[in-house]
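Chemist: Sequence:
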Amino acid sequence: MSTVVWIILLVVALLAGVALGFFIARKYMMNYLKKNPPINEQMLRTLMMQMGQKPSQKKINQMMRAMNNQNQTK
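The numbering of the sequence shown is the working numbering, which starts it at -7 and goes up by one.
Rather than coming from a laboratory, the hints here were simulated on the basis of the structure.
Be careful, since some hints might not be right.
Said to hold, decoys possible - Just the calculated beta-carbon pair ranges, DEER-fashion: (1) Val(-4) - Arg57: 56 to 64 Å; (2) Thr(-5) - Arg57: 53 to 61 Å; (3) Arg57 - Tyr20: 37 to 45 Å; (4) Tyr24 - Ala58: 43 to 51 Å; (5) Met56 - Met(-7): 23 to 31 Å; (6) Gly9 - Lys50: 47 to 55 Å.
We put the beta carbon where it would ideally sit given N, CA and C, even for glycine.
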């Protein structure tokens, strides 16, 4: 085979590998985040108690809403 064909095959294989790797990594991270959410209300409550604050449900809801809004704007 000529050199041009080998270069084209190499480029196609490289692009296919990058695309496949991206989708596999994306699927893995989505499953990981579904199983291990970054933070939830119980974690937030525990964190506030460790900092010496008495968490009310209103304050926890407010902080969760603020974190969700911050994540959506990124």
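Chemist: Look at each hint and say if it fits the structure.
Modeler: Against the structure, the hints come out as follows:
Range check, Val(-4) to Arg57: Cβ separation about 58 Å, and the 56 to 64 Å hint holds. Restraint check, Thr(-5) to Arg57: a C-beta distance of roughly 60 Å satisfies the suggested window 53 to 61 Å. In this structure the supplied range 37 to 45 Å is violated for Arg57 paired with Tyr20, their Cβ-Cβ distance being about 29 Å. A hinted range of 43 to 51 Å for the beta carbons of Tyr24 and Ala58 is inconsistent with their spacing of about 24 Å.
Hint check: Met56 to Met(-7), Cβ distance near 60 Å, so the stated range 23 to 31 Å is violated. Between Gly9 and Lys50 the beta carbon distance is about 51 Å. The supplied range of 47 to 55 Å therefore holds.
The structure shown violates the earlier hints numbered 3, 4 and 5.
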